[in-house]
Structure formats: C-alpha cells, structure tokens
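With the sequences and hints as input, model every part of the structure.
Residue numbers (the numbering used here), protein chains in the order written: chain D, 1 to 323; chain F, 1001 to 1323; chain A, 2001 to 2323; chain Y, 3001 to 3323; chain S, 4001 to 4323; chain C, 5001 to 5323.
Bear in mind the hints are in silico, worked out from the structure with no lab data behind them.
We put the beta carbon where it would ideally sit given N, CA and C, even for glycine.
A couple of the hints might just be wrong.
Claimed, not checked - Between beta-carbon pairs, the in silico distance windows are: (1) C:R5177 - D:G282: 54 to 64 Å; (2) S:A4097 - Y:R3320: 17 to 27 Å; (3) D:A97 - S:A4016: 26 to 36 Å; (4) D:Q322 - S:A4016: 34 to 44 Å.
Number of protein chains: 6
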Amino acid sequence: MLRLSTPGHLRFGQAAEFTANYGGAEANVAVSVAQFGGSAAYVTRVPENDLADRALAELRGLRVDVDRVVRGGSRLGVYFLEHGASVRPTKVIYDRAHSSMAEAEPGHFDWDAIFQGARWFHWSGITPALSPGAAEACAQACAAARGRGLTVSFDLNYRAKLWSPAEAGRVLAPLMRHVDLCITSAEEARTIFGFDVPADAPDKDERAARALCAEFGFQQVALTARQSSSADETDWGATLFANGEAYPSRRLRVGIVDRLGAGDAFSGALLFSLMRGDEPPGAIEFAVAASALQHTIYGDYNLATLAEVEALVGGAGGGRVQR
Amino acid sequence: MLRLSTPGHLRFGQAAEFTANYGGAEANVAVSVAQFGGSAAYVTRVPENDLADRALAELRGLRVDVDRVVRGGSRLGVYFLEHGASVRPTKVIYDRAHSSMAEAEPGHFDWDAIFQGARWFHWSGITPALSPGAAEACAQACAAARGRGLTVSFDLNYRAKLWSPAEAGRVLAPLMRHVDLCITSAEEARTIFGFDVPADAPDKDERAARALCAEFGFQQVALTARQSSSADETDWGATLFANGEAYPSRRLRVGIVDRLGAGDAFSGALLFSLMRGDEPPGAIEFAVAASALQHTIYGDYNLATLAEVEALVGGAGGGRVQR
Amino acid sequence: MLRLSTPGHLRFGQAAEFTANYGGAEANVAVSVAQFGGSAAYVTRVPENDLADRALAELRGLRVDVDRVVRGGSRLGVYFLEHGASVRPTKVIYDRAHSSMAEAEPGHFDWDAIFQGARWFHWSGITPALSPGAAEACAQACAAARGRGLTVSFDLNYRAKLWSPAEAGRVLAPLMRHVDLCITSAEEARTIFGFDVPADAPDKDERAARALCAEFGFQQVALTARQSSSADETDWGATLFANGEAYPSRRLRVGIVDRLGAGDAFSGALLFSLMRGDEPPGAIEFAVAASALQHTIYGDYNLATLAEVEALVGGAGGGRVQR
Amino acid sequence: MLRLSTPGHLRFGQAAEFTANYGGAEANVAVSVAQFGGSAAYVTRVPENDLADRALAELRGLRVDVDRVVRGGSRLGVYFLEHGASVRPTKVIYDRAHSSMAEAEPGHFDWDAIFQGARWFHWSGITPALSPGAAEACAQACAAARGRGLTVSFDLNYRAKLWSPAEAGRVLAPLMRHVDLCITSAEEARTIFGFDVPADAPDKDERAARALCAEFGFQQVALTARQSSSADETDWGATLFANGEAYPSRRLRVGIVDRLGAGDAFSGALLFSLMRGDEPPGAIEFAVAASALQHTIYGDYNLATLAEVEALVGGAGGGRVQR
Amino acid sequence: MLRLSTPGHLRFGQAAEFTANYGGAEANVAVSVAQFGGSAAYVTRVPENDLADRALAELRGLRVDVDRVVRGGSRLGVYFLEHGASVRPTKVIYDRAHSSMAEAEPGHFDWDAIFQGARWFHWSGITPALSPGAAEACAQACAAARGRGLTVSFDLNYRAKLWSPAEAGRVLAPLMRHVDLCITSAEEARTIFGFDVPADAPDKDERAARALCAEFGFQQVALTARQSSSADETDWGATLFANGEAYPSRRLRVGIVDRLGAGDAFSGALLFSLMRGDEPPGAIEFAVAASALQHTIYGDYNLATLAEVEALVGGAGGGRVQR
Amino acid sequence: MLRLSTPGHLRFGQAAEFTANYGGAEANVAVSVAQFGGSAAYVTRVPENDLADRALAELRGLRVDVDRVVRGGSRLGVYFLEHGASVRPTKVIYDRAHSSMAEAEPGHFDWDAIFQGARWFHWSGITPALSPGAAEACAQACAAARGRGLTVSFDLNYRAKLWSPAEAGRVLAPLMRHVDLCITSAEEARTIFGFDVPADAPDKDERAARALCAEFGFQQVALTARQSSSADETDWGATLFANGEAYPSRRLRVGIVDRLGAGDAFSGALLFSLMRGDEPPGAIEFAVAASALQHTIYGDYNLATLAEVEALVGGAGGGRVQR
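So this is what it looks like as structure tokens:
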C-alpha cells in the first residue's frame, strides 16, 4: 500500500503535498523480522506499475524477499493519512477498494511453491477484510501452511472502516483453527468475538487470553494494551499468554512521532523473538520495546535495530546523545 | 493579513523561507462560522494585487462571502511569526502600518449595503487599533449595525504592540454601548478598563463579567482563561456570563501546534453556537472545545469540523486513530 | 565542522536530504559571547574550499572575528546527526578524522600574534581528542595564553567516540595547570580524572568541584547537571564553585528542539557573564537560562538574545506570545 | 481528480513525496472562464471526504460555482504524474477507475435543475471514457442542454489509457449531433473518426475541420496543432473553422513548466472569447495565447489573467521583468 | 530589502511559502566588490528588528562592512517576486513604501564620518525614488563625496513602479554633476533624460554615451544592452565609454536562473575592475562576464568568484564539470 | 559514496541543506545492468555504519547483489555537488580520502570467492586513483578475473582532482593487458596515454581506438564524444570499435537535469547490450540512448527502463505525454 501523509500536522484541507511511504500490515511485520536479522518473505499481489516497483524495491532493500509477490490487477491500495496532535485524533481516508490484492483470487497464489522452505506464516485480519477473494486466499494460505506444518500467527487488526465487527467475526472465526499464535487486544477480542470480559477488570487481559485459547485452541495469545491520553503520547504494554500462564510486560510511556505500524512492529518483534527461541517473559519485553521504538519512527516500518531494542529492554531510553 | 512564519522552530535569523498563511481576527471568526455550516461574510479593505486575491480566494474557498470586501489602498498588512518552543516564547514582528485597512476611511464602506440581510455583526479590538480612520469605520459600523437591529459582538483582543492600554480604553469605551456580547479575559478587562478585580481571586471571572455588564450594559460576556506553562502546552477554559449567571466550561490541557487564532476560534464557535440557539452551558463548552482543537491546527483558521468539535465536547480527545 | 542532520525525526536510513549547520565546540562558545554583545575571535584550521568559506561567513555574520583562522589541510570535519525522540536516543556518526584541524600541527599557529589584544582564552576537550598534533597545539596555546596573562577556561566535553577516558585523562591532566575556570560535570570529572565522588551523593557537585580545585588548582569550576528522562525533555541546572563556595542555580524543565550545543551555550554565557563582572550567583543563573533557551533552538549556535536570557532569568518562560 | 506529481524531475521510483493538485478536464475549463471574469459552474460527482472538500474549496476560491456538484460514491479519481525532461517523456499512471464520477449513473444528475440559468454547456471526451454510466450521463446532459437551447461545446481529449480509438468513436459519434463547437486536433479526428486526411498535408487542419462539419454538422471546429521536439519545449498554434472559413493563429514557441491542462486552457479561453463576442480571428489568438501561458504555470489550472493573455496576444513575451 | 519569492515557477496565487533573500541595489554592488576581494562598506537605514539583523548578518558574512548602517524607522522594505518562465514575464509586487530608508531624512546620516577612509561612492537611482527625504540624503551624500574627492558612480536603475520618467529626470538631473561614472542603458537614458537617439541605430550606445557626457560631464559611461526573447534566456553585453572612445564587450547568450540583481552585478564588477586599475576593454569584459554569471545564481547577490569570472572572460562557459 | 548536492541551482555558499544520493562509478554501472534485467553484483568496501547500510539498501532494492561487499574501515567516501547552469559549470568538492575503499588493502578481498559464478568484471579508473592499496586491489582483481576467464571491461574515467595524467598513465598502463573492452574518450586517451591524435581530426575517434588496440591489445574500444555548449545542454554520441571497424552512433541533443553518472550509464548499457548478444551497431545505439536518458534523471543511477531506452533508439524523444 501507498500511504500518503500530509506534512507535519497539516490537515487534509491544507496539504499541498503528501509524503509517500509504502507499507501494509504483513509487509511491516516482514520488515521487522528482516531488520532484526531474521529471514522473511512477503507475499501479496500488486499491479505492474512504477509505484508498485518502488514499494517492492524498498522492501527488497530492507532485506525482505519479494520474489514471491504476484503481479497483476490494476491498482496499488492507497490510504491518506492526517497526523493528529493533542486533542485532535489522527485521521485516515482509505482508498484501497479494487486494489490488486482486494481483487486477488485464490488461483493467483500457488501456496505450495510459496511456502517452500518456510517455517512460519503470519497474516493479518486486514487482508480478509478487503474482499471475499482476499478472504478466500487467506483461508487457502492458512490451510496450506498448516498442512505443511508451519507455525501460523495472526494479528486481528480490526479496521472499522473496512468491515463491521459482525462481518469480521463471521469471516475470521472459521480461520482461527489454523492459528497457533493470535495477536490482538482484549478490547478487540471482545468486540469481534464477543467474549464477555469487563473492560475494567484488572485481569481482563488474562481472562481474554484464556477465553480465546478455550474457544479457538490457540497455543499462544499476545494482547497489546494501549492507553492514550492524546495523539502525542501513549502508555504502552502487552501480555503474552503461553503455556497457561500470563506474562505481562512492563509498561512504557512513549512520545509519538508516528503511531501507525506500532501493532505490526509488535507482531514482527514478537515473531522474531519467539523464532530465535526467547522465553515468553523475554519475548514480550522485546516486542513491547521494539514497538515502543517504532512509535518514534516516521512511517510504518520499524527501523529500530536489534541493539537499540535490546538497549531499551535493558533500561535505556533516557535520551542521552550517543556520541 | 499575510502571516509569514519561519519553518518549524527556526528563529527569524535562521529562516531562508517563510510559510505563508492568510488571516486576520475577523476573517478567522468568519471562517469558523462558515466551516461549521453557518453563513458568514467578511468585510475589510485590501489592495488590488495578487496577494490580496489569494487571501480572498482562500476565504471564498472556505465558504466565507467576500463580495463586500473593498479593494483599494496600497498594501496588505503583513506580520512575521517565529514559533516558540518550551521556555522560548513565540514572537511576532508586525508590519501592518499603512495597510489598506489601516488607511481605510469611513467613506470607504457603505454599511447599509453591507449589512443587507445580516443579523449579527462581529468586530475585534485590533481593527480600531490600526488607525483613527479604521477606528472611525468601526464606530460607524457599530452604529449602523445597532440601528438595523443586528446583534453586535466584540472581541477585545488587546495588542500591546499596536497601542497602549490607555489609548485602547479611550477609543473602545465609547463603542461599548453598541455591543451585546463582549469577549475578553479578566486580565484584559482589568488592563484596559481598569476594573479592580484581583488577579488571584477564585471568582475573578465572574466578578469581571459582572463589572463589565454593569459598566457597559452588555447582554453577555465571555471570558477566556488561559494558563500556559510553556510555548508547547496550555491549559484552556472559559466562562460565559449570561442572564446574570456564570457558566464556566471544563478545562482542557492542550498541546500546541500553533497558538495563533485560538481566541478567534473561540469567538467564531461561540457565535455559531449562540446563533443556532444553544444554551449558555452548551455554547461555552462548544467554544472551548473548538478553540482547543484550533491549537492543534497550523495557521490562524480553525479547520476543525462540527463533528470533531462535538466529539471533543462529548469526551473524545484520547488520541485513538480514526481508521 | 559541518553538521548534517536528517530532517525532522527521520532515521539515517530514511533521509533523502540532510540539513546543513556549521559549528564546533569553541565556535559555538564564540557565537554566544558575540551574540550577547561581547567580542570574540575564533581560531581553528579549515581547508580552502567553499564549505569552509560558508562556515566562516556564518560566523563572521554573527560577529565572530574569524580573521585568525588558519586555512589549509584537506577537509572540513563532518558529523551526521539523527535527532532522537522519546525513548529513541539521538545518534551521531562522526566523520572528523583527517580534518584540517585534526591534521593541524603546532607550527600552523602563531599564538603570540593570535592572542594580540585578547584577555581570555577558551578551549574544549574535544580539540586535543582529534589528534596528537591538535593536542600539542592546545598545549602551546595554553602555555602562550598563560604566559600573556590571559584567563584560561576549559570545557572538558568528553566524547566517547573520540577517545577513551584513560587517554583523555592522560592527555588533559598536564594541561589543567594552565586552566583558571574548568567547566565539566561531576560525572565527567569522575570518569576522566577518577575522583571518588559517589554518583548519588546529594552534595556530589560541590565535592567534585572541591576535588578538582584541590587537584588542579582551578580558580573556578562550573558543573552542569542534566537529568533526562527522554530525548524530548530534560531537567537542567548547574553549580558554579568559586571562592571556596558552591552556587547552585535553580533547575529548569526544558522541552528539546535540538540538544546539541547546549554545553557550549552554557560555557559561552558563563564566560560572557563573568567577563562583564557578574557575581557567581548571577553568572550561573545567566548561564543556565541561556543554555536552557539553546535547547529550544535548532542548530548548535545559541541565537537567544541577551534580553531573552535575562527575561528567563527573571521568571519568564510561560509561553505567552509576544505581540 | 487529485493529481499527485513527483517533485521536480524525479521519477516515480525516486519520489518520497508527491505534490497535490486538483483538476480535471471540465474543471480546468471552468477555472479558465472564471479567472478571465466569466461565470462558470462545474458539475461532477465526488465523494464525501476531506480530499473532495479540498478540491471543491479550490474551485470555489477561483470563483467556480460548485454548488451543483453531486456528492456520493467512494473515491476521488487519482492520477500520478512524473514530469519528463528533454528526451524523456512525461508519464502518467491513472488510478481513476471506480471514482465517484466513473460510478455515476444518469439518475444522479437532475439536468434541468443544473442547467437553470445557463447558456453554454461544455464537456470533454474523457468523461464518457470513464464508464458506461458516465457516458450515459453525458448523453443525457447533451440532450438536455440542446433541448434548453444551450450552446454545446466538446473537447475530444482522447486518452489511449482509457479506451481504444474504436470504442471512443463508437461512443462519441452519436453524441456529436448535440455539439455546436468541437475542439480536437487533426490527428485525433483522424484516429477516432477515421477521416482520411494525410498527416503531412499542408492544409490538413482545414480539411479535417471541413470533414468534421460535414459529418457531424458542427457550427465551429477548433483544431490545436502541437509540435514538440522534447519534453521541455513545444511549438503551439491552432485553427478555428467557422462560417466555412479557417482562421489559423500565429504559432508560439513555448518553454514548458507543466504541459498538463494546456488543451483545457485552450478550450476555456476559446469559450470565454466566443462568449464575450470576439470574432474568430481574435478568439483563436486569445485561446492560443492563453494556453501558451498555461504551459508556463504549474498545475492543470490556467492562472494567467485576462491582462496577461491580452499582452501576449499583443506581442509581449520577451521576458522583461515587470517592476 | 527582504525579497520574498514564490518557489520554483509558482504564481503568487499558488504560493504556500516564500523564499527569503535579502538585497537591494547598493547592497548587491557592495557584495560584488567584497566577494572579488575588494573592500566595501554599505550605508542604509534599517529598523531595529530581527529581520534587519539577519539582512546585516548576511552582508557582514560576505565581508561587507555594515558598521555604518543607521538603525531606526519602522520597517524593512519588502518585495514579492514571482519568477516568470518562457512567455510569462517575471512579476514584482513592491511593498517598500514607509521603509526605514524611505523615511530617512538627511540628518540621519553623518556623511563626513561615513566617508572616512573611502575613495569611491556608488549610489543607485532607486534610492531617490523612494521619497523626498531619501532623495535629499542622496544629494547630500553626493555633495559630501565630491567634496572629499571620492569618485562617484551612479546606476540609473529606473523603476516604473516607483516613479514616472519625468519625476525621475527632474530629481536626478541636478545630481548628475556630482557623478564621474554613469551606468545605464541607451533606452533608459532616452526615457529619463530624453536624448534623441533612435532605438535601432547601430551605434546607439556610443551616441547615447556621448550625449550623456556632453550633457552631464561624466568621465565615463557604461551602457548595458540586454536582448531577451523569453524569461528563460537573454543575450547580454555592454559598452564602456571612456576617454572619448566606446569599448563594446563581446555578447553572451545566458540561460537564466534568476535575473534580478544582474545590473547590480554589472556595476559591482565594473567598479571592482576599474578600482584595481583594469583598462576599459578588460573592465567591460569583466563586468559583462560577472553579470552573466549572476544570471545563473539564485538571489540578488553575485556569488561568482573572481576566478570564475576570469575563466568566463577567458572563454570558459561550456559546461564541463569541474572534477 | 554519498553524494551531497545543493538544492536546485544553489551554490555551496547558499545551501542550507544537501540532497543525499548514493552512487559510485562501478555501483552506477551495476544498477544499469540490473535495471535492464541483467544480473549484477557490486564489490567494494564500506564502513559499518547507518549511512553505508542505506547505500547498500538502495542498491539491493534496485536488484544489485551487494552480498560480496566488504565491511570495514572508518568512513564512506563523500562528495559535495553544486549543479551549474548555463555559463556556470557544475562543481565538485571531493571528500573521499581515507574512505573505507581508499584504505582497502588487497587482503580485504577474496577474489576467487567473489568471482564465483561471474562471467564479466567491470572496473573504473577512479578506483586505483584512490590509493595505492586500492590500485593494488584492482590489479589483483584484474588478474583473478582474467585467470578465471571473465571478460574484463574498464572505464578510464580520469579525474583531475584525484591524480595527474602522468600518475594515472603510470598506474593504469600495466593493468591494461587484462582488459578486453576499454571505455574512454579520444581526449582522455590522448591525455593519459599520450596518443598523438589531433583533437580536431574528423576521424579522431577511430584513430584513437586503433591506437589503443595496437598499444594494449583490447578487443573492443568504446569512445564517448560529448560536446557541451553550456551546463544545461549537451550533444552526445559515441563510437564502438570492434573487429577492426568503427561503429559511430547517431548523435543526440540532450537537455540536462543531472549530468553525473552519464558515463557510467553508457558503460552499464553497453555491457548489458553486449552481454545479451547485440551486434556493435545496436549496442552503441543502445548505450548512447540509455546514457542520453540518464542526463534527464536526477542522481547518478540510470533509472530509465529497457522499454524507454528502446523507444528512444527507435526514434521517440519528442516529448509526447504518455497518457
């Protein structure tokens, strides 16, 4: 997707130019894994044009394998972004209908070839929201991944501008049985799957995780928990539920340069950490620190390095100049 | 007026370019009313040149009727703006002497024609500060407005770089009898009209409002109350005094993108709210929320929408992305 | 030196352009003195090229005398700067090896001619860190300055990317006997000179200052004390130790536009204040206020005016627009 | 439509930002008429979002009446533009499928209400190329306009990326009987309608015009004739065929700032000139001069003034500074 | 003066920002002399504000002595600039009335102190056009300069937006007796002083020069001769008339980056060349080459170096990269 | 290398920012080959820092294999670029001494591993100019390439700022025996190797090529022939000498957006064309068209596509918009 942002804090009505960034939920996750030194390939469908070429060149430059991307269809998804400030929320205008991916059909992807050599498959709830064809492609990918013994992770990523909670629940629920690791938030889980966890229960994350595992048979559930007081600052943390236990992270107070992509940065870092064999307490701290840093980076990609994330896990963050 | 701002936080001595915005106290008020869906016409005098054309095109684009603007004179007023940060205050260099409006004379305006079809007239204390001719034009406008039965509102808007408190008081006092709604602050009222309200009295706003009504016979008085700790953040609220009672708003903590125009946004929103028949408690909350949002918008105009203001009145502001 | 910064909060990997600023520790100090109305000349060695010409033109424009600058060598020192945000620290890539100054040799400077008419000599610990030749030039300058009866001030300015604490201590210690006023921090003094002052002692600044005076015979010691919680904000203050007594400043909470050069702004303001005869309590407040303002100014130079510093000393800083 | 251009001469693959301009064939024509002092209303269908609001605000600011614009559908048409240079041609990526206008249906427009008070209707061949629904809307508009006695002008504006010549001919031919003034080029006419005029005949424009009139019964035909040697410069002229006679303009050599919108500028100026009663020789010179100036203006709108066009008609253009 | 230019080729109505450059006819001349290595001081009157400080800092940085500049009055002169292209001329909006210099009075300048140590005085015809006070200051300066034996040079620099030819002639004629070297063009001389030299006479420059010497007793006359075919390119040359003989330069075809300041660059280079003792043929070639280069430099100052001018005099200019 | 260019036509002394591009002679060649669809790996030595990471990411994104790049040393080479205009030449300030590549030593490269799977080796005369170590690395690479049967091509690329003709000749001559295809110009060959071909001989290219083959035993020689009249435009063509015959290309007149990298674009296109088996006449036309297009593209890389080059070979270039 092409993201077109108004400069600084300008509103849509004021913008004489847009800053261009390329991204997308799964692409962002792949970038995170690759930036930390992992190996990641990205699969999607994009048109044969110069904008899509640029998007792929960026990913390739960041060490994401894009050789399995399918070319075709007529347009790259676009969204317009207006950064909020203080009491004014960030605003998004989606223009992603009819994108190459939204018009993807199951036959476009040869999952057996795509999964050759892979051991993990990650997908996001945004993709099936695009169109029935995209949803069907997700379903086939999940089945193929499971059939080949890949670990499957899933980030719910509910977008109210794309579908209703009811639609989302109806489409996603049957796919959940293929998922090993589910990434969401207690609030999202309640909205989409209707779990009856009170929003203000002190152990709401653990209860939501248990309910998700009970319902869908997930091995692990990661729940992010954001508390924002304004568009400029957030309080950020998460809980990983694994082996029947909840591992809450410490919470970080983070000033925001660009909030978008934080959830993907969380997913990417969590995947990287789990893939390299970190235990749950370490993995959840790594994922929270990585995504905290992503809030301070313009664009959807998390360009924080492994060393930077580990320094923040280790207690840095006080703002000393590195010189 | 043409506002020329240094980019970002650069000082005047560093700026190799200036960002251009057009505005002016009454123009900003008109934009607010028009943006919320009200009907507003703006009256001023600007020269016949391309800069003035641009200023009028912007206003026209924002649905402000500029057909009654008088063309003539030799220059558009200019001011240079350096945005402050933290302990460094925002700085303004005025270059508005000899502007077309400063050189306006009463004969330039045919108030009867101008007020055709109008029901409300709003003016600001900056205009009579420009020159005796501009002050005389204000006086004639007030008289004509009152004569035609328009509601007259007035924003004191004292500018120390334009005139002294004594001068301001001397020129403005006689005009006050035409005013129905006076917008100012307790501190301004004390400075200009010499009311003896202690700056730290807990009920200083109510006492100032009562004094103003007693002295000048206003129907309503709105007093804004800003408490700034730095150039980056402010605490913002206001009180509307109407029917002998004070209606204080809740107070908002607001991060600042651009402070200029906040007072005009308050006036514009208050006018809109009162014109559509809101009761004082609702009107003052609407005006405070609208002007809080304006602090987060670059330029003098308040480009917040009616829906956004109402969402903030209703408790939004926590920074959630709208997607 | 040429500083090349990524725009806004972009990371090095994202930058398609760099903002150019010129500076350097001693140059920044000279600018401060000259901006406040003092007389300052800057001595260094820069190549014969257009970039160095631009650097000198800027300094000359700001009233710094650059007529004693030596031209020669092959390159201007460069450093690349990535501004941090919140939990992400600011990052510097030095590219100053082999600069004209790093390749300076003692014979390049005729200190007797240079010090003609001077009464004060200030140098920074960065210069001897560049190369043995630069260190030798510093030593000769110190000796010549002392020989001519100039007051000598020194800012330790330790840079871990240039040398180790042990190297710094070994090179700097013998030069300290020429120094009248030493500017550093308790932490730096401990790191470089090994004073055994516990980092959390409440009177650690005073104890460090006493130890420095005892060891090196300084007349005065100024210790800055920064406490940062993030890359966006800092708590800032200092202590001046003179005549056997410690004069701590009040502490200021400062939002950060650009942290670089704050130490130099402190030194420059302190020198100016002492040169004009301020007493220690006034001098340290002036220096802290000046460097607090410098945090709000882009680039290494402190472009705050004398009046602005004095206003902040006097209690301003609340963010009121000057209009 | 939203046009998103790469800055300067950057290629799509290099652009980190896009400059935003709003336009569209008929909108550009309306702007020309309004800028010269004529009265023009623009009719189209755009979605209910902030980008469309901005597009309409720009037009309203330029005095184009947009009150008859229909709101609905899901997206504003977009195109991406890469400015060529010298031997490298300008490149366009269209992303206008599924725009609100492409999905317009005849029932969306109440032509009788729309044409209230109008005396001229202009449309472009791009609109029916968008979709069958848009083509049907054009047909109904033409019929309604003719039925109400409006003069109908039409700019063929063939776009190879939207449809084939055969499709264009098939859709457009039946609509031609409603057209009074047809604007095209000899080459376009040959391509779309298959007139057998040799490309190198010296009188090819006159012959094409006669053939068009004979075939479709046009009152007038205007044929532009561009001869480009590079992306930077063009040779520009036109012929108006009216009352059975051909009126060729003088030819101008024009350096190009931005080629897009030149044809619309020609149409707009020709309409304005004919509407105010200019004779053919004057009208064609006015239209050629106006569109020559438009080549020197960034964006699709022709922002040249009436005085500037008339000066160029009168022989200016030599580059003397106006001071 | 502060020059505010629209970026690139944007029109005034399109500009959301202005590029700031500082200049002025005599300042530009001083910069040229100083950049080539000469010694130059600039005298004017500017207000006490940050914009004037910046203007002076730039000049000081470029080695122009600004210590004799008088501070006072209320505003810096401003002009707005829209760069033309091809058939569209460059456009200027002056906003210099009431500037500090326009409101200068003779008593503001102590010419005896100002001319201390000087040997040459240069002034431009723009200054007396500003106001009677400025004209009177010019007259006193000329008399004082002549009285002290300085060489006096004068650049006619007629600006139609400031005064009429008749006014210019009336004010300037009496001052001409103080002038040794007059710089103008044949066309200007005819317009202002009414010499009857046909515009198309092949020897019109020589005849105009002879007439000027005969009328006013000039020692030398330099006449520039520009022939522009568009806003992008010019044909440029000049003639120096000295010792009763005309020395025409070769003519150069020059592409234009920024035309403003070319005449001042010519004057500055001519002064420098004559001051260092060049003979007329060398001096006129130097001045033409210098001002040709200035056409390729953004802003009013000529930042070409002595070596670059001499290389162009020597036949360079073919565009080879210097690497 | 990092190239830092002043924006637009600004001079070094005016630039407040620099545009960053990454490139280098051999990197540019590799990009050309990869962009046309060939397979290319780039070998160099760069430091372990974020700037080098960015440089490699760009190349990787453009499909150049950078896995064989050696990391080490302390700095990336830098050069500063000021784009000329018209009579003002483009200017370069090199700052590449002590770069990681300049400090490379033969032991840094394992040529046998590097050449695994390769069939062609290309190098440029800039590399041995950097330092004796770099020259030695070139010598070893040539020998290893020849030993493994690779075709070796060489672009002389003489840079007067790096070494004298005599030095260049002395270092390069012994390496020539490893070279199959030599790319240079008649003028360069004369300067460096002293061939006695008159600069104005009509067959000077053929004579130079014959002399080079006779002296060094090249299989093929390609000679570019640029004729510039200004910094804005060039006349461009080349001759390929192969099998004892000269194949001159047609000549193209090209407007210049950015001249740097044109020679590398020629080399890259020639290599691609020869590698895919084009005959000499086709190869030289392809290479000239490709490098003509590169003049119109900002930065050192040739981002023209295969289709665009072939269109220009086939006669396009007339500036028609592709829409």
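*Which numbered conditions among the earlier hints are violated in the structure presented, ordered from lowest to highest?*
As far as the earlier hints go, not one is violated by this structure.
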